[in-house]
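As you go down the protein sequences, you meet chains A and B in turn.
According to the working numbering, the stretch in the first sequence is residues 65 to 318, in order.
According to the working numbering, the stretch in the second sequence is residues 6 to 361, in order.
Treat the hints with care, since some could be wrong.
Some chain A residues close to chain B (C-beta under 7 angstroms, calculated; not the full set) [said to hold, decoys possible]:
| # | residue |
| --- | --- |
| 1 | Leu119 |
| 2 | Thr123 |
| 3 | Gly125 |
| 4 | Lys143 |
| 5 | Val147 |
| 6 | Ala152 |
| 7 | Gly153 |
| 8 | Ser157 |
| 9 | Leu158 |
| 10 | Leu166 |
| 11 | Tyr255 |
| 12 | Met256 |
Over the 10 angstroms line for every Cβ pair with chain A, so calculated as not near, a few chain B residues [stated by the list, open to error]:
| # | residue |
| --- | --- |
| 13 | Leu36 |
| 14 | Ile98 |
| 15 | Phe201 |
Distance ranges between label pairs, derived from CB positions [claimed, not checked]:
| # | chain 1 | residue 1 | chain 2 | residue 2 | range |
| --- | --- | --- | --- | --- | --- |
| 16 | B | Phe349 | A | Ile275 | 33 to 39 angstroms |
| 17 | A | Asp257 | B | Phe358 | 42 to 48 angstroms |
| 18 | A | Ser90 | B | Val220 | 29 to 35 angstroms |
| 19 | A | Glu121 | B | Gln193 | 16 to 22 angstroms |
| 20 | A | Asp244 | B | Val220 | 41 to 47 angstroms |
| 21 | A | Thr68 | B | Val355 | 19 to 25 angstroms |
| 22 | B | Phe357 | A | Thr68 | 19 to 25 angstroms |
| 23 | B | Val220 | A | Tyr80 | 37 to 43 angstroms |
These are computed hints drawn from the structure, not numbers from a lab.
This structure is a prediction, so every number in the text was calculated from the model and none was measured.
Just so it is clear, CB atoms sit at the ideal spot from N, CA and C, and this is done for glycine as well.
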Amino acid sequence: MNSTPVIVVKDLKKTYDKFEAVKGVSFEVYDKEIFGLLGPNGAGKTTTLEIIETLREKTSGEVSVAGFSIDQHPNEIKKIIGVQLQAAGYYPSLTLTELIDLFAGLYNATVDPMEMLKQVGLEDKHKAKFKELSGGQKQRFSIATTLINQPKIVFLDEPTTGLDPQARRNLWDLIRKIRDNGTTVVITTHYMDEAEQLCDRVAVMEAGKIIALDAPDALIDKLVATGFERKKEVKKANLEDVFIHLTGHEWREG
Amino acid sequence: MMAIARASFRSIMRSPSAVVFTLLFPLIFILVFGFINGGGIRLDVALDGKSDLHNPVFDSIASMQGIHLVPGLTKAEIDHNLQKGDLDAIINIQKRLADNTISYNVDVTTNMASREKGIIIRSMLEHLVDKANLRAAAMERPLVVLSSKEIQVREYKTIDFILPGQLGFSLLSSGVFGTAFVFFNLRQTLVIKRFFATPIRKPFIVMGEAISRLVFALLGAAFLILVGYFAFGFTLIHGFATFATMLFLSALGLIVFMGFGFVVSGIAKSESTIPPLANIVTLPQFLLSGTFFGIENFPEWLQPICKVLPLTYLNNAMRLVAFEGAGLGDILIPLAIISAWGIFIYALAVKFFRWE
Ligand SMILES: Nc1ncnc2c1ncn2[C@@H]1O[C@H](COP(=O)(O)OP(=O)(O)OP(=O)(O)O)[C@@H](O)[C@H]1O
Ligand SMILES: [Mg+2]
């Protein structure tokens, strides 16, 4: 795997009033990898991502994205990244097609809205208004908007939260496809199976600090090496396998 | 920026409250006032039941301008209505036959309540009687001839007063309420935050939103003016030039009012505090800026307040332009005062504006 860094974070700190949410983290994200940021609620994942995305002011430290410093060239960065926010909104009364057109306009790009929606399995909803989508569909739409400018780097903050198991798997496929097309993906998630399957490397954050950073396999091996042993799996399948078996593999249109 | 303008415009068009406030309310007021068409006084007159109706005197009374004969009332009703003031006068015409000549006796009863109308009716009748007598006397050279002239003026209709006021009101509510809600919501629903993640620069987000509101409000203004013009004979003295000047004024007014909207959306802590705040801005102007009544009608102590509000000047300027044909050069003072408000309010807006 390529290991040219596209994102370099050095001793990043963020203080809200008096509360230190990010306490000096440093890491690199390599070109064309899927990088996972894991950690419990409130660990500082979103804060870290949004600083890199130039949406929040940092307190101190250095961050560069594709060679651009977030202090000097935030707008150059915005042009080459695609951002899915943990919480974001869209004009509620516009249809998906109109919203895609809107964002295409913001990036000065021309895209085929149907093509974009198809990637997340929402092509049948192209005439629906944003407010009429289900939670998971909103999430999927939000992911579609990150791809409009054919970004070099895509940030996904808990993209699979609220998705059904199939949608989650389909999204994994989409994320792998994005990566295979040469885009770097930074993702946060609370699902360890997801991180294990998807991510080339993961950083584990806790209380504003990175406490581990490596490939999932390597982290697992390290744990196993300490003599850790998981309780034996008794059954050959779990409830998720049942669910998927029962409801099929396609995107749910709902 | 145009992408935001377009999206925001669609969004406005789909929001019922924007359409209602900008178009429907003013339109309803215009309809209501357009149909209460002024045009002189109306004198309600009833004929006493015993009156003789087949005579020239009655015919001339009935054909007099302003006289409205109320038919079909009983004697008791007539008396009662005159007492109440629903009727302005009762007329009783009696034919008399004496020495082979016909003469008429006209009896008029008016009430104290509508004294001025009574006086008018009396003098109208006197005039009528005199004329008849004069003719009967066959006087060839009348002693005194009254010749009166009325200067031609353009008819100032109710609509000429109401429409500019309603237009101002429409701009005010669209500017203040619309802007305040939209920006508050965009912030609250994180639409703006999502925009920040794209290369669009911050001022363009505001400008895009502002342009769409401007386009929407100007379409509304054009619509109101045209409805007034075609349906109610609203006076556009120089035709299209006047129309264009009014739209220019509308744009200026809206931009200033949007400033109020920005301030409100910046100050408001929650969605429910927007309406009261916006009302603090709009209600006084709505009532005191000559939207429905000329500000001359307000008591002395209110006048200074009236004369401070920007909408007063917008309304005045609109009326001057539409009815008296003032060009932009003739309304520099109102323009200057409105612009001064604009500068003041945007200075505040910059202070209070919040992105998140
Ligand atoms: N705007 C803010 N003002 C004050 N404190 C904040 C703000 N945003 C986040 N915090 C605090 O910073 C800490 C880190 O928040 P952050 O959103 O980065 O966590 P996270 O790792 O993304 O959590 P989650 O898994 O729940 O999304 C939290 O304790 C949170 O309370
Ligand atoms: Mg988060």
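Hints violated by the structure (listed by number, smallest first): Hints 2, 3, 11, 12, 15, 16, 18, 21 and 22 are the ones this structure does not satisfy, whereas the remaining hints hold.
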